[in-house]
Amino acid sequence: MSSPSQPLPTAPPADSKPPRVRFWMVCVAVLVLAIPLQLLVDAGLYSDVLNPYYLHLLTVIGMNIILVASLNLLNGYLGEFALGHAGFMAVGAYTAALLATKVLPGAAAMPPVIGTVLILLVSLGGAMIASAGVGYLIGLVTFKTVGDYLAIITLGFNMIIVNAIQNIEFVGGPRGFTGIPKNTNFVAVALCVLLTIGVLRNLIQSTFGRVWLSIRENAIAAELMGISIPKAKNWAFTIAAAFAGLAGGLWAQNQQFITPRSFDYSKTTEILVMLYLGGMASLSGSILGVVAYTVLMELLRNLLSTFAPQLAEWRMLISPLILIIIMLTRQTGLLGSREWSWLRPKQGA
Amino acid sequence: MALRISELTKSFGGLTAVAKFSLELGERDLQGIIGPNGAGKTTVFNLITGVYTPDSGQVLLGDKDTTRLASDAIARAGIARTFQNIRLFAQMSVLDNITMALHAHAGYGLLDATFRTATFRREEARLLTESRDHLARFGLLERQHEQAGSLPYGEQRRLEIARALATGPKVLLLDEPAAGMNPREVEELIQLIRQVHQDFPLAILLIEHQLPVVMELCREVQVLDFGQTIASGAPRDVVRNPLVIEAYLGEEEAPA
Numbered sequence: 002m003s004s005p006s007q008p009l010p011t012a013p014p015a016d017s018k019p020p021r022v023r024f025w026m027v028c029v030a031v032l033v034l035a036i037p038l039q040l041l042v043d044a045g046l047y048s049d050v051l052n053p054y055y056l057h058l059l060t061v062i063g064m065n066i067i068l069v070a071s072l073n074l075l076n077g078y079l080g081e082f083a084l085g086h087a088g089f090m091a092v093g094a095y096t097a098a099l100l101a102t103k104v105l106p107g108a109a110a111m112p113p114v115i116g117t118v119l120i121l122l123v124s125l126g127g128a129m130i131a132s133a134g135v136g137y138l139i140g141l142v143t144f145k146t147v148g149d150y151l152a153i154i155t156l157g158f159n160m161i162i163v164n165a166i167q168n169i170e171f172v173g174g175p176r177g178f179t180g181i182p183k184n185t186n187f188v189a190v191a192l193c194v195l196l197t198i199g200v201l202r203n204l205i206q207s208t209f210g211r212v213w214l215s216i217r218e219n220a221i222a223a224e225l226m227g228i229s230i231p232k233a234k235n236w237a238f239t240i241a242a243a244f245a246g247l248a249g250g251l252w253a254q255n256q257q258f259i260t261p262r263s264f265d266y267s268k269t270t271e272i273l274v275m276l277y278l279g280g281m282a283s284l285s286g287s288i289l290g291v292v293a294y295t296v297l298m299e300l301l302r303n304l305l306s307t308f309a310p311q312l313a314e315w316r317m318l319i320s321p322l323i324l325i326i327i328m329l330t331r332q333t334g335l336l337g338s339r340e341w342s343w344l345r346p347k348q349g350a
Numbered sequence: 022m023a024l025r026i027s028e029l030t031k032s033f034g035g036l037t038a039v040a041k042f043s044l045e046l047g048e049r050d051l052q053g054i055i056g057p058n059g060a061g062k063t064t065v066f067n068l069i070t071g072v073y074t075p076d077s078g079q080v081l082l083g084d085k086d087t088t089r090l091a092s093d094a095i096a097r098a099g100i101a102r103t104f105q106n107i108r109l110f111a112q113m114s115v116l117d118n119i120t121m122a123l124h125a126h127a128g129y130g131l132l133d134a135t136f137r138t139a140t141f142r143r144e145e146a147r148l149l150t151e152s153r154d155h156l157a158r159f160g161l162l163e164r165q166h167e168q169a170g171s172l173p174y175g176e177q178r179r180l181e182i183a184r185a186l187a188t189g190p191k192v193l194l195l196d197e198p199a200a201g202m203n204p205r206e207v208e209e210l211i212q213l214i215r216q217v218h219q220d221f222p223l224a225i226l227l228i229e230h231q232l233p234v235v236m237e238l239c240r241e242v243q244v245l246d247f248g249q250t251i252a253s254g255a256p257r258d259v260v261r262n263p264l265v266i267e268a269y270l271g272e273e274e275a276p277a
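Chains as they are written, first to last, in our numbering: chain A, 2 to 350; chain B, 22 to 277.
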């Protein structure tokens, strides 16, 4: 992902307009880098430089960007404090896994590449629809609940989902779901990231986004301007859940093995940490937060395993520690609510 | 008749906040409610706008009974209001505060927005033009890209009124618009309300603590004390009513 190297705007653009980086340019740049990279790694070329592990890392970053950006819709833009994002991810992951293994015919029965792409599209679509449905229900149940109560309910939902899956033998129960075909690669994930960021940006910069923000800013005033808050909230939950489901579907078909435990509240916490690290109500922040967090954790892993292997397990303490440090020292995260120019609306449009 | 309120009553616990409040607000009328602190003025507004549900009584907006509707439905039916303690969308731009208020006029759906269809672009451009025209009417166009919360107090009031009007209401409720203003700002506010009353086809109901505002603007006022209407009529007569003087000013002389 070349995106985080874009310059950070500090002031609104002056009258003399510099050539602006646009969203489509970023899309082209990402694909121009991603496709050859994937091909080279697949072919095993330059393996001394192009370590497959790096590609795996980029793939994980991509999936986490989808998770963090979609949670941002709820926690950053709508101003709620939802604590169940990994639950939506689990719904997506298990739906996709079921579709890819038990419902759809295997890729072997279809023409190469095209078969895999078809299975991927159908399984991801199914994952998004299933998660969106659950998100819609959560939105419906929480109706007029806000603040602490909403946080508790979503946390409860996350635990219910994990525990329910653990008790369903059909999908492997606590042992997990094995034998999922690897239908994704970095290019597929990159495309999904671009789709997610593009759709979220479009929605946020529409009347829907303004309504979500107004609810965050002053719910009573928004309501007295004719906004139906339950309806607006329900849309946000449905959309956020759909993208969390997309990430889950990608996750399942990338890791090829999922367990209920991988979607418990510690995964939710990890998503939250990346969100707060980057900055709320900023899609740029979501991207930067994920990249910064992932790179930091990987560096730590390497440093610890090289210099202090006996401390390797302590790495997991770092993530909650980061959350505490952000909350104490820089509550706005790395970017606050600023956006890179390619994610900002056109001025004077 | 723009707004007809009959015998609106609300108690909290044993305390009657508003008792049998009635009011008839004609088309393009401008009336006021005055009274000492805690008299139940804001409660009346909260009952009209559905923040509280009345125990009894009725609110008719035109022919439509809005008594038991939810706040957002009442707003969509055509009642807009401002708040005693300003409630802007502080971290949104001045422009977005207005554009947001036009949400009901956005002629596009979720899918149009998702994929930025031609409909979306056309409608969004129209919304922005309308919002900017609206801001210009209130002298706030130069401020369009600033955060609403960073405006000076007087302009925040003006923006709040502009935002309420952007929804195209039939009735505008202003809750103590002059609260916290200095005399010069109060003078500007009186001009603004007069202008709004002239330019927009609506009726205005005004709660105010500062008598000069009511005296200057309102055709008729009602005086509330402990939730009861103790007097009503032309402002000039009402402030000479001994009951009002006692409730409002203690035992002192009438103002003005």
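Hints listed in this document are in silico derivations from the structure and should not be mistaken for laboratory results. Ideal Cβ positions, reconstructed from N, Cα and C, are used throughout, including at glycine. Fair warning: there could be bad hints in the mix.
Derived pair list, reagent style DSSO-like, types lysine-lysine, alpha-carbon separation capped at 30 Å [to be verified]:
(1) B/K85 <-> B/K41
(2) A/K145 <-> B/K191
(3) B/K191 <-> B/K41
(4) A/K232 <-> B/K41
(5) B/K85 <-> A/K268
(6) A/K232 <-> B/K191
Computed footprint of chain A on chain B, listed as stretches where at least three residues anywhere in the stretch have a Cβ under 8 Å from a Cβ of chain A [unchecked claim]:
(7) 120 to 129
(8) 190 to 201
(9) 213 to 227
Comparing the hints with the structure gives:
| no. | hint | verdict |
| --- | --- | --- |
| 1 | B/K85 <-> B/K41 | holds, 20 Å |
| 2 | A/K145 <-> B/K191 | holds, 28 Å |
| 3 | B/K191 <-> B/K41 | holds, 24 Å |
| 4 | A/K232 <-> B/K41 | violated, 34 Å |
| 5 | B/K85 <-> A/K268 | violated, 51 Å |
| 6 | A/K232 <-> B/K191 | holds, 25 Å |
| 7 | 120 to 129 | holds (count 8) |
| 8 | 190 to 201 | violated (count 0) |
| 9 | 213 to 227 | violated (count 0) |
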